[in-house]
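Engineer: For the sequence shown, the numbering used here begins at 569 and goes up steadily by one.
To be clear, the hints were calculated from the coordinates, so they are not data collected in a lab.
Misleading hints may appear alongside valid ones.
[Said to hold, decoys possible] Simulated DEER-style distance windows between Cβ atoms:
| # | residue 1 | residue 2 | range |
| --- | --- | --- | --- |
| 1 | 701 | 599 | 28 to 36 Å |
| 2 | 641 | 703 | 31 to 39 Å |
| 3 | 692 | 627 | 18 to 26 Å |
Note that this is a predicted model, so its numbers are computed, not measured.
We put the beta carbon where it would ideally sit given N, CA and C, even for glycine.
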Amino acid sequence: MKKLIVLLLTIAMVGAVYAEEAPAPVLKWSGLLNTGFQYDNGTDSLYLKASRLRLNADYTNGDFGVHFRLQTNDATTTAFSITHAVVWGNLFNNMATFKAGLLNDAAWATPYNSFGSLDGKTGVQIQVKPIKGLNVGVFMP
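With these hints in hand, go ahead and build the complete structure from the sequences.
Structural biologist: Structure (C-alpha cells):
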C-alpha cells in the first residue's frame with residue numbers, strides 16, 4: 569500500500585512539474601502619428617504638409633489572435649479606414665499558420681502602389697513550416 573501511495577505522489581509531482589499553464593489573454597494597443605511641416609519661403613509661412621494617424625489593436629490568446637488597424641492619411645480629419653482586420657492562428661506546435669481577413673504585412677504580401685506599404689489583400693493565407701528554414705505558403709482571395 570505504501571508503494572502505491574509513493575507511486576501516486578510521484579506521478580502527481582511529475583505532472584505538476586510538466587503541466588503547462590495556458591498564457592493569459594493579452595490585449596495590446598499601439599499607434600503612430602507620422603507628420604511633418606513645410607516652410608514656404610515666398611509667403612514666409614510654416615504649415616502642416618501631410619500626416620498619417622494609426623491605431624492598432626492586438627488580442628492574443630495562446631496560439632490564436634485578432635489584429636486590426638484603423639488609419640487615416642490626413643490626421644486633421646476623422647475619416648478613418650480599416651486597413652487590417654485579421655484572425656490568425658498557429659497549429660501543430662507552430663508547424664502551420666493561418667491568417668484570414670484583410671491581411672496585414674507579411675512575407676507573403678505582394679507589393680503594390682498603396683502609400684508605400686505592403687498591406688495585403690482580403691483572403692486566407694496558410695503557411696506550412698515542416699522544418700526550420702522551410703516555409704511553404706498559399707494565398708486564396
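Engineer: A separate judgement is required for each hint: does it hold in the structure or not?
Structural biologist: Hints, one by one, checked against the model:
The beta-carbon spacing between residue 701 and residue 599, approximately 34 Å, falls within the hinted interval of 28 to 36 Å. Checking the proposed 31 to 39 Å range against residue 641 and residue 703 shows it holds: the Cβ atoms sit about 32 Å from each other. Evaluation of the 18 to 26 Å hint for residue 692 and residue 627 yields a pass: the beta carbon distance comes to about 19 Å.
Violation of the numbered hints given earlier is absent; every hint is satisfied by the structure.
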